[in-house]
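Engineer: Following the hints, put chain Y in place on chain L, whose structure we already have.
Heads up: the protein sequence lines correspond to chains L and Y, in order. Residues in the first sequence are numbered consecutively from 5, following my numbering. Residues in the second sequence are numbered consecutively from 1314, following my numbering.
Because the hints were derived from the structure by calculation, they are not lab data. Please note: incorrect hints may appear among the correct ones.
What the hints assert, rightly or not - If you want the footprint, here are the derived chain Y segments under chain L, 3+ residues with CB under 8 Å:
| id | segment |
| --- | --- |
| 1 | 1351 to 1358 |
| 2 | 1364 to 1370 |
Stated by the list, open to error - Calculated Cβ distances over 10 Å to all of chain Y for the following chain L residues:
| id | residue |
| --- | --- |
| 3 | 5 |
| 4 | 106 |
| 5 | 124 |
| 6 | 227 |
| 7 | 340 |
No residue lacks a Cβ here, since even glycine has one placed at the ideal position from N, Cα and C.
Residue-level listing of the chains:
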Amino acid sequence: MSRVRVLVGTRKGAFILESDGKREKWDVSGPHFSGWELYHLKGSPADPNRIYASQTSGWFGQIIQRSDDGGKTWHQPGTPAGQAPEPGPPKAVSNKFVYDASGESGKPLTTHQWYDGTQHPWEFKRVWHLEPSLSDPDTVYAGVEDAAIFRSTDGGENWKELSGLRGHDTGPKWQPGAGGMCLHTIILDPSNPQRIVIAISAAGAFRSDDGGKSWKPINKGLYSKYIPNPTAEVGHCVHHIAMNPKRPGVLFMQKHWDVMRSDDAGDSWREVSGNLPTDFGFVIDVHSHEPETIYVVPIKSDGEHFVHEGKLRVYRSRTGGNEWEALTKGLPQENCYVNVLRDAMAVDTLDKCGIYFGTSGGQVYASADAGDSWNPIVRDLPAVLSVEVQTLA
Amino acid sequence: MIRVELPQHLRTLAHVGREVTLEVEGPVTQRSVLDALEALYPMLRGTIRDHDTLKRRAFLRFFACEQDLSHEAPDSPLPEAVASGKEVFLIIGAIAGG
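Isolated chain L, as found in the complex:
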């Protein structure tokens, strides 16, 4: 019988929630990496026992953790778990993210725009998102702050920047959003291994069609009235992008304000906010079997990062946008003031698609019926930063 494994990153550790295909009873393990911020955990599609995790701290910096047994044990790549380290030259560099300053890109990648409009040096702060390769368990991409994309081909032991992204002509114009200048979304196209879509707050979306060597902004159709040129090539605060792997040319975006849709892999976008009560938000995801069924959690505003009207409502569109219905069964409908962050929603691939999301209040909700009804798996975790789910045979 199929099982699901939900990987939850929180402000104070990671948790793993497991259930059978009914998704009614859950085993909870954790906290793993207690006391650390776990920005993201994600399993390899090619080997579900391989899980990567981004563990960060304002004191101690970045750590990459890897499990090869489905989250039971963890180690920093290059430093096997439970083995006493041997004297000698340091081996593990799994947390070494050094921006390419070699000139390989043909440009000196030195500064980006700061909040006050001046130029500011690029400074690595943390890994926001880990995206394992679709085919190779040892290949994984990392989206980091300050915005850049790195790739490891040895299971996370060593990382190399794909510097063509920062080297794009617009790089010096990128500037941080309120949460920092983070590369938070990485989408790998299952139909075209050369195609990668990423998103940066607050630069916008970019696409590579050559495996990450070169990139182009894909922000046509976005309108951001809070920036000097509302239709600028870059500068848009894209919060998240989602894709159904069966239809990779169609992308859905939750922008700062506005829910958007592209039918040409990001070459152009149109707004599909429709009848949403507010179109500010962070998460967006797509049903795993119905590519026109999408989910968002509207947030009141950019000044009030909690759900609208004190009600936790997931909105579902079965028409690819514009027409939305509120999903409320099992969710608190009064006195609720939580947020749902950009990487904190996921869908499984069971016949009846399961939807999962985590809140800033520490709840992780699951729906085993595509959103019709919800149940909390856990209610009192630390604030949830990310939710991913693995569907296991």
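Structural biologist: This is chain Y only, laid out in the frame that chain L set:
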């Protein structure tokens, strides 16, 4: 023999207890002690000093013999009591926040 005390989170990462002991050849300085520490426990690389610049991370402090040594030059000799193993070289996470 040099004695180094680590903050709790770094003990967890390195799979060690509160205090570790190191052998340092040559002058006993912040740099030589941290080099020896990272050689023995490579998983600590980048958590105390920046990978590239080897500068102390902002929210960590170094103490020994009731002195704050955080702003001492990395190649300055540490107190004799640290070099002899009588006193512990403390790596401490700064109190930050409210």
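Engineer: Please flag the earlier hints that this structure goes against, numbers listed from lowest up.
Structural biologist: none
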